[in-house]
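Here the protein sequences come in this chain order: A and B. Residue numbers for the first sequence follow numbering that gives the first Met the number 0, beginning at 0 and rising by one. Residue numbers for the second sequence follow numbering that gives the first Met the number 0, beginning at 0 and rising by one.
By construction, these hints were calculated from the structure, which means they are not laboratory data. From a predicted model like this one, the values you see are computed outputs, not experimental measurements. There's no promise every hint is true.
Label-pair restraints from in silico Cβ distances [unchecked claim]:
id, chain 1, residue 1, chain 2, residue 2, range
1, A, 454, B, 54, 14 to 22 Å
2, A, 349, B, 32, 28 to 36 Å
3, B, 115, A, 176, 39 to 47 Å
4, B, 124, A, 279, 22 to 30 Å
5, B, 120, A, 99, 14 to 22 Å
6, B, 115, A, 25, 44 to 52 Å
7, A, 37, B, 180, 18 to 26 Å
8, A, 5, B, 23, 34 to 42 Å
9, B, 183, A, 284, 13 to 21 Å
10, A, 351, B, 49, 47 to 55 Å
11, B, 47, A, 366, 26 to 34 Å
12, B, 47, A, 5, 45 to 53 Å
Take a look, some chain A residues computed to stay more than 10 Å from chain B by CB distance [claimed, not checked]:
id, residue
13, 79
14, 384
15, 449
Note that CB positions come from ideal geometry on N, CA and C, so glycine has one too.
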Amino acid sequence: MPAFPEAARTATRDAQLRHNLRKATHTIRDKRDAVVAELDDWSRLRAAGKAIKDRTLRHLDHYLERLEESVTAAGGTVHWAADAAEANAIVTGLVRATGERDVVKVKSMATQEIELNEALAEAGITAYETDLAELIVQLSEDLPSHILVPAIHRNRAEIREIFRDRMAAWGVPAPDDLGDDPRALAEAARVHLRERFLRTRVAVSGANFAVADTGTLVVLESEGNGRMCLTLPRTLISVVGIEKVVPTWSDLEVFLQLLPRSSTGERMNPYTSTWTGVTPGDGPQEFHLVLLDNGRTDVLADTVGRQALRCIRCSACLNICPVYERAGGHAYGSVYPGPIGAILTPQLRGTGSAADAALPYASSLCGACYEVCPVAIDIPEVLVHLREEVAARPGHLGEKAAMGAAGWVFEGERRLGAAQRAVSAARSLVPRRLPGPGAAWTDTRDIPPIPEESFRSWWRREGRHGRAETDAPAPGQVRRERPEQSEQAERSERPEQSERGEDGRR
Amino acid sequence: MSTSPTRGTRPGGGSRERILARVRAALADVPAHEAPEDVAVPRAYTPAHGQGATVELLVDRLVDYRAQVHRAAPGELAERIGLALAHRRAQRVVVPADAPEEWFARTATTIVRDGGGLDVAELDGMDGVVTGCAVAIAETGTIVLDTGAAQGRRALTLIPDYHLCVVRADQIVDGVPQALPRLDPARPLTWISGPSATSDIELNRVEGVHGPRTLEVVIVE
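Working from the sequences, and respecting the hints, build out all of it.
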């Protein structure tokens, strides 16, 4: 797996990929903004979600034991897997015991992380992905590129070709006259998979949440493939990371509000299934829960990085990230792409390899990912923390040099001010695209518009009027409305700006 | 066929203790006297968002999901169900064994009661399913089935392509926080918000992949 910079270099040259990604991320982002704005208590829900997860993580041993007890009491069997090999061996053993050779799967990042499908294949067991996007990825022997919409990098014409060429090898073939209308493509998938659902007797799932006090597992989905897998087979095996536990049934009131709105930008996803052990006469009569560590306890041990385990896999951070939008999910070289992947993957796997050591740098540190995170994971904080870890090692001379130069500018207040004024003065001269060697850079990126003045200079002028907290106007507007006053203010306030600025904020 | 041993992978093997020990070691910074409840959870979020009268809000949200919605007085329910099934041209629909007799007093459609004996192929051959529900959440347009009265087992509302659901006004709550206390986690629950849908192809929403492609709701007031 190439390190992020190399992989991203290839990915950003793919104009089709960038177009697909941009359209998708911006669409989901806008939908999310609209439904989040509907709830006036969003920040309080977010604070509650963060706190519930923190409570769970700080007492994870207690809640895992409680979960095991509840699931067992409800008729399920709990297995503990320290790593991927052990989890795969457990699942393989359980499937073998049923005598079946086929399993249906509902999208599960944990099983992708441990490469369960490959392990099952080695044991002569075929795993069928049933989420439409996962089906596309599986048929084309591709890798998912997004947490929520794994085939986001494929357009309809590509999907049609994949279905026409590959479906027959996996089961019911695609119709001869299959077009590329999304409705027709979805219908082909429905027909292809229905036959599979109605006769497969073993299912493998993940879970969004596992409730400790009741032993209830929860899966959120849209298509109904989850319901099919969780209802029709005789045996259900759920592979769940140990961080997915939540303490109580009523805690779901927080997460069932946070997750759908953050994820697909819906008030609620079409289907949510919950089950507690087994129910005689309804659904699977044998239920196994495999609790997976696979590096999670290493993440837990890092008091700064631990917060990454709060993640509820909503993908809001991917959709907002300017780096993800251009590089795509594959560049991250892991099941978990985007900003959350950039902190989770190096913690799960360690920063020993070049690919994992590069991930903490796959970010602009703009902080947008933190702003949208429904459980308030401070991704930039963890990125910087991991960079420290990586930079403590030999190498990384280029980054050290760049940081050194930035450090020189940031070190002196006057140097920074001068640099910012120089940039602002030259703003009209900055082209949309750079000439010469710089063109390679701007072919795949937009040069951000440079503001008329820096925040620091605006603050120096406006900060003491105490406007910043209430109706902070955009710097440009203020300047146009009161040019004289601002000039004057800038001059008179300079000597005392630093202290006043700090006080004014509080 | 792999012949790799499955040593140490049996339930109750050493990994349980190993993982729990690793968790405890990782949490060395947590003071020994700290109890889970000592980690404060601020519950200042709003129990209900008050976005409008619940029935109107539920209708609005369901329509937003492209579900078909009707409102009926109790005396009109049989008529409504009869019309819906006729409009659908349903020949045979499956219903839970305990679905009220009077729901089907005004329909020519063959009603097949499921006592748990129908297999998936038989369910696949049905033109639809008619059920009640446990709770409906107005704010999110969600109908929750808990396999209780007039709801049947889960496969019933999953395999047929058409689901007609009867919601009584007294089953409607404002938001998610009002729904959970009414639901028993020991029962398998299915939360339905509109018909089955996917947005996996260029983010175009397509109704119906595996669940029912048509959801029709009758609200009885």
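Status of the hints after comparison with the structure:
1. Against the hinted window of 14 to 22 Å, the Cβ-Cβ separation of residue 454 (chain A) and residue 54 (chain B) comes to about 49 Å, which falls outside the hint.
2. Checked against the given bound of 28 to 36 Å, the beta carbons of residue 349 (chain A) and residue 32 (chain B), roughly 32 Å apart, stay inside it.
3. Distance hint check: the CB atoms of residue 115 (chain B) and residue 176 (chain A) are about 40 Å apart, consistent with the given range 39 to 47 Å.
4. As the Cβ distance of residue 124 (chain B) to residue 279 (chain A) is approximately 25 Å, the hint placing it in 22 to 30 Å holds.
5. Taking 14 to 22 Å as the suggested C-beta distance range, the pair residue 120 (chain B) and residue 99 (chain A) conforms, at roughly 19 Å.
6. Roughly 48 Å separates the CB atoms of residue 115 (chain B) and residue 25 (chain A), a value that falls within the hinted 44 to 52 Å.
7. In this structure the supplied range 18 to 26 Å holds for residue 37 (chain A) paired with residue 180 (chain B), their Cβ-Cβ distance being about 23 Å.
8. With their beta carbons about 40 Å apart, residue 5 (chain A) and residue 23 (chain B) fall inside the hinted range of 34 to 42 Å.
9. A hinted range of 13 to 21 Å for the beta carbons of residue 183 (chain B) and residue 284 (chain A) is consistent with their spacing of about 20 Å.
10. A hinted range of 47 to 55 Å for the beta carbons of residue 351 (chain A) and residue 49 (chain B) is consistent with their spacing of about 53 Å.
11. The hint said 26 to 34 Å for the Cβ distance between residue 47 (chain B) and residue 366 (chain A), and at roughly 32 Å that hint holds.
12. Take residue 47 (chain B) and residue 5 (chain A): their Cβ atoms lie about 52 Å apart, and the range 45 to 53 Å holds.
13. Look at residue 79 (chain A): its CB is around 4 Å from the nearest CB on chain B, not clear of 10 Å, so calling it non-interface is violated.
14. With 10 Å as the threshold on Cβ separation, the claim that residue 384 (chain A) sits away from chain B holds: the shortest Cβ distance comes to roughly 15 Å.
15. Even its closest Cβ contact with chain B, about 32 Å, leaves residue 449 (chain A) beyond 10 Å, as expected for a residue assigned away from the interface.
Going through the hint list in order, the structure does not satisfy hints 1, 13.
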